[in-house]
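Please build the complete structure, drawing on both the sequences and the hints.
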Amino acid sequence: MVFPVLFAFVLITLELKKVDDLYKKFEVIEAIDDAGIVVLELRRHEKNVLIFNREKEHLRLFHDNIKSLKRKLRELDIDISATLGKETKEALTAVVNKYEEDFHLAIENINERSLLVEQIRPLGREIEHLLKNNELSFKLRRFEKNFIIYRDESDAKEVQIISERLINNQLQPDVATLVKQYRSTFNKIVDNFNKQDEILHEMRVNARKIEKIILDLSFRQRNYMNLLLKNGKIPFFVTFLALLVSTVFIGYLFSYGFLRTLDNMQRTLSKVKDSRFSYILVKDVTPELGPFIETYNQVIGSINYNVDRAEGLVERGDAKLQQIDTILKKINRILPAAEKFKHYRINPYKVKVNESGILRKVERVTRHTKLKINTRLRGIL
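709 is the number of the first residue of the sequence shown in the numbering used here; add one for each residue after it.
It should be emphasised that the hints constitute simulated quantities derived from the structure, not laboratory data.
The beta-carbon is built from N, C-alpha and C at its ideal position, and this holds for glycine as well.
Mixed in with the good hints there might be a few duds.
Dumping the calculated EDC-like pairs for lysine to aspartate or glutamate here, alpha-carbon to alpha-carbon at most 20 Å [stated by the list, open to error]:
1) K806 with E816
2) K938 with D729
3) K896 with D924
Quick list of simulated restraints, FRET-style, between CB atoms [to be verified]:
4) Y932 with T801: 21 to 27 Å
5) K725 with G959: 29 to 35 Å
6) F846 with D742: 50 to 56 Å
7) K920 with T955: 51 to 57 Å
8) Y858 with A790: 28 to 34 Å
9) R752 with N854: 24 to 30 Å
10) F948 with A799: 45 to 51 Å
11) E1002 with A790: 54 to 60 Å
In structure tokens:
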């Protein structure tokens, strides 16, 4: 009876521990999803900063989100190490740091390009002034702006071709010097754009690495949670069966003990008419029936005690009746002898009265004794 209940208790305890693990996994998955959302926000603010040229609000939000991402990764440090390994955790930390470093490099590169653009504009205006608004100077400025805005390689080639033609023009040596400075500055802008492309490419690669690790961690945590839920069905079913078996077994024992107790009571009560009372032995019964049997035995004990008292009273009453019978026998022996004294001067009527009075007194005593005995017996029973 105890083993199924104990077995069910152990299973329930283990399943409750798994429920606690599930709750922790829900918290971990929620933190992982928050980290994934932060990464998406980072990329959005990164693009806004790079596209809109250091927009201050997005720059502030980027720094806030990178701090939030690092904090969440520190909170998930143990889970990342346990799920993906310590090396992956260290690699993720390094990738996040490299991503932040590349972002700062991109900002510095944008600042440098802004300075170069500010340097090339006066040179272009001066070339236009020296060439007297020549068509070549207009084309040079137009292709330069198109390249800075649209990043078309053909525009960069046209700027190089026009610059070469102006440098080779021996009629205006001052213009050639300015064009060389202009071309040098433009080449720096081109290099700056190429460097920016490399930085942005590396940032995209690192961002994808971060997203991939976070998605892999989320997938593994969800897979583990699904495995816990799937495997948890069998222990719950076994626990239900164990509780069902133990309930049936306990019910059988209780019913068996209760019926056996009622049978003992029936046999005991059947002996009441013969004034024979017996006890129910408290043996192999359920705890629920113990107090009932104990009370019943106390009642039986009280009845037996009262029966013993009643039997004693009956015996004493019988002794009194025997004494009365003895007295009556003596009276009956005396009365014939009294007839012999009739010739004496004795009032016969008075003798007869005395004789009747003695008989009535004896009868009254006998009746009173029987009534008293019957009253005591009814009080006891």
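Structure versus earlier hints - violations, ascending order: 3 and 8
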